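A.B. asks: Sequence:
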Amino acid sequence: MAYLLLFIIGLLSDVSSAAALYGKKDSFVQVLDAKSFAKTVVQSNELWVVEFYADWCGHCQQFAPEYEK
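Numbering (mature numbering (1 follows the signal peptide of the UniProt record, and there is no 0)) for the sequence shown: -20 to -1, 1 to 49.
Calculated from the structure, these hints are not laboratory results. Watch out, some of these pointers could steer you wrong.
Said to hold, decoys possible - List of simulated lysine to any residue pairs, SDA-like, C-alpha gap at most 20 Å:
#1 Lys15 x Val29
#2 Lys19 x Val29
#3 Lys49 x Trp28
#4 Lys49 x Val30
#5 Lys15 x Glu26
#6 Lys49 x Phe32
Computed from a predicted structure; not experimentally measured.
The whole structure should be built from the sequences, with the hints applied where relevant.
C.D. replies: Structure (structure tokens):
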């Protein structure tokens, strides 16, 4: 139950916190909010890899450089 709550809190967190893990220099990483997620991913015919994260999470911070590659 606690994991579900943490997941929901992570989804509802402010998109501006994305700067903590990914800077604007990243051309392959797109930061999405609920509206842009639906438009960019759900309504797309392309294949997407999506990471849901919290900027305070140590595991997320360690995995961010792998997404930037």
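A.B. asks: Kindly indicate which numbered hints from before are broken by the structure, ordering the numbers from low to high.
C.D. replies: Going through the list in order, the structure violates no hint and respects every one.
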